[in-house]
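**Student:** Given these sequences and hints, build the entire structure.
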Amino acid sequence: MSVPTAIRGRGSYLWFLLPGALLLTAVVLVPFLMNVGISFTEWSGVGEPEWIGLDNYRRLVEDGTFWASFRHNVGLVVAMAVLPTAIGLVIAAGLFDYVGKRFGPRRASVLRACFYLPQVLPIAVAGIVWTWILAPQDGALNEVLRAVGLRSLAHNWLGDPDLALWTVMGVMLWIQVGYPVVIFMSGMQRVDPSLHEAAELDGASWWGRFWHVTLPQIRPEVFVVLLTCTIAALKVFAPIYVLTRGGPGGATTVPSYYSFQNFFEKTRVGYGAAIATVLTVLILVLTAVFLRVQNRGER
Amino acid sequence: MRRHAVLWSFAALAALMLVPFGVVALNAVKTPAEYATDGPLSLPDGVSVTGIVDFWERVDFGEKLFNSFVISGSVAVLAVVVSVLNAYALGIGRVRGRLWILVVFLIANTLPQEALVYPLYFLTNKVGLYDTKTAVVVIFTVIQAAFGTYLLTSTLGGFPRELLEAARVDGANKWQTLVRVVVPVSRPTLGVLFVFFFIWTWNEFFLPLVLLISNDNQTVPVALGVLQGQRMMDATMTSASALLGVIPAIAFFLIFQRALTRGITAGAVK
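So the protein sequences, as listed, match chains V and G. Under full-length UniProt numbering, the letters of the first sequence match residues 1 to 299, in that order. Under full-length UniProt numbering, the letters of the second sequence match residues 1 to 270, in that order.
Think of the hints as simulated: they come from the structure by calculation, not from any bench. Each residue gets a CB set at the ideal place from its N, CA and C atoms; glycine is no exception. Take these hints with a grain of salt, some might be off.
Just a sample of chain V residues kept apart from chain G, beta carbon distances all over 12 angstroms, derived [to be verified]:
1. Ile52
2. His196
3. Gly208
4. Arg209
Sample of chain V residues with no beta-carbon within 10 angstroms of chain G, all distances over it, derived [what the hints assert, rightly or not]:
5. Phe40
6. Arg58
7. Phe66
8. Trp130
9. Thr131
10. Asp138
11. Gly149
12. Met169
13. Gly203
14. His212
15. Lys235
16. Gly250
To be clear about the criterion: a stretch of chain V counts as covered by chain G if any three or more of its residues have a C-beta under 8 angstroms from a C-beta of chain G, and this derived list gives those stretches [claimed, not checked]:
17. 94-104
18. 157-166
19. 277-289
**Tutor:** Here's what the structure looks like:
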C-alpha cells in the first residue's frame with residue numbers, strides 16, 4: 001500500500017486530519033465567510049455585488065417582518081423546547097417509574113416508541129400529513145369536530161392569520177415530544193434506585209420523589225434537551241415551507257424562511273445574507289453558553 | 001383500579017400520537033369518489049391502490065427512493081470514514097490545538113444551513129456541480145462528519161492505551177493501527193453513527209430543496225414537499241403521498257430501533 005511516509009512510524013497524526021479539514025474549509029468555512037461578506041453588499045445574485053457596509057443591518061432593525069419572524073421563533077421555542085421538556089418529563093417519569101415498574105419494562109418501551117415515532121418522519125412528510133388533516137373543507141380534524149357536534153370549533157387552522165402560528169406550534173409539539181421522553185427515560189436508568197427507596201422510607205410522595213430525587217439527577221439531560229431543541233427551533237424551515245409558506249400574510253414567517261425568500265424569491269441576496277448572519281450569531285451564542293455550562297458540569 | 005387508570009391514560013396519550021398515521025393510512029386506500037361522499041373518517045369500502053399507484057407514477061416515486069438511497073447511503077459511508085480519520089487524529093493522536101479544532105467542528109455542525117446556502121448555490125454553479133447528487137453528497141458528508149468527529153473524538157479519547165501500545169510493539173504504523181485495531185474495536189459506535197447519518201440525510205429538506213431542482217435528482221422529502229406546495233393533488237392522492245413518505249421512515253425505525261435509542265442517548269449526554 002502506498003502510504004505517505006509521514007504516516008509510517010513516528011510521523012504526525014495531522015495527516016489524518018487533512019481530508020476532513022480540507023472538506024470542512026471548502027463546504028463550511030469558506031461559504032460561511034462568503035455569506036458574511038455578502039451581507040455587507042447589495043446583490044441580486046448576478047453581476048457584481050455592491051458594497052454598502054452596514055446598510056442591510058440598519059434596514060433589518062427597522063424591518064417589521066424581521067422582528068415579527070423572531071417573535072414567531074419565540075413561539076416555536078416554546079412549542080419545540082419548553083413544552084416538550086415539561087411534558088416529556090412527566091411522560092418519561094410516568095413510563096419509567098410507574099408503568100415500567102408495575103407493568104413491566106416491555107410495555108413502557110412500546111409506549112415510548114409510540115411517542116418517539118413522529119421524530120423519525122422527515123419533517124416535510126409530517127408537514128404533508130398535517131396539512132391534509134387540517135384542511136379547512138374536508139380535513140379530518142374539522143370532520144371530527146363536526147361529527148361530534150362541535151361545528152363551531154371547526155376552523156381554517158392554517159389559513160387564519162390569528163390561528164396559523166398556534167396550529168404550527170401544535171404540530172411541532174407533536175413532532176418534538178418523543179425526543180425528550182427517550183432521553184429522559186435513559187437518564188432515569190442512571191438514577192440509583194436506593195435513593196428512591198430512602199426517600200420512600202422517609203415518607204416522600206411520588207411527586208416529592210420526582211421533584212427531589214429524579215429531577216436533580218437527570219439535570220444534565222434536561223439541559224441538553226432544552227438547548228438542542230432551542231437551537232432546532234431557531235433553525236426551523238421545512239415545517240413552515242410545507243405547512244404555510246410563511247403565511248397567511250406573513251403570520252408564520254420565521255428568520256430562516258425569511259432569508260430563503262430574500263435569497264431566492266426576492267433576489268435580495270445581500271439582505272438575505274444579513275438575516276442568516278444574525279440568526280447564526282444568535283445560535284453561536286447559545287452554543288457557547290451550552291459548551292460553557294457543559295464543561296463546568298464535567299469538572 | 002387506580003393503577004390501571006394511569007396505564008390507560010398513558011396508552012390513550014400514546015394512541016393519540018399515532019392517530020395521524022392511522023388517518024393517513026385509512027384514506028390512502030380510498031377512491032376519490034368514496035372520499036368525496038363519505039369524508040375522511042369513514043372506513044374504506046375496500047383497499048383501493050389507485051391513489052398510491054397514481055401518485056407513484058406521477059412523481060416516478062421509484063426514482064425518488066433510489067435518489068434518497070444513493071445520497072443517504074453514500075453520505076453515511078463517507079461521513080463515517082471522515083469522522084474516524086478526524087477523531088483518530090484528535091482523540092488518539094491528540095494533535096496540538098485539538099480542543100480548538102474540535103470547537104470548529106462543533107460550530108460547523110451548529111451553523112444554520114441558511115448561512116451557507118447561497119454561497120453553496122453560487123459555488124456549485126461555478127464548478128458545474130449544481131443540481132447534482134454529488135454536490136449534495138459532499139456537502140452532507142461534511143456536515144454529518146462534523147457531528148461525528150465531535151462525538152467520536154470523545155469516545156476514542158477513552159480508547160484502551162494498552163491496545164495501541166501492543167499494536168506499536170508489534171510494529172504496526174499509525175495507519176495499520178487505525179485499520180486493524182481502532183476501527184474493529186469501535187465498530188458498534190461506528191454502526192450507530194452510520195444509522196444516524198443515513199436517517200438524518202434521508203430527512204434533510206432545506207439544502208436538497210435548493211440544490212436539486214430537476215425532478216430526476218430530487219429526494220423523497222423534496223419531491224413530496226414541492227408537490228404539496230403546488231396544491232395540485234386531491235385528498236386521496238395527498239394521503240397516498242404522505243403514506244409513501246411515512247413507510248420508509250417507519251421501516252428504518254423498526255430496523256434500526258436499537259441503534260437509534262442507544263445512539264440518541266449517547267449523542268445527547270456526551
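**Student:** Does the structure break any of the earlier hints, and which numbers would those be?
**Tutor:** 8, 9, 10, 15, 18
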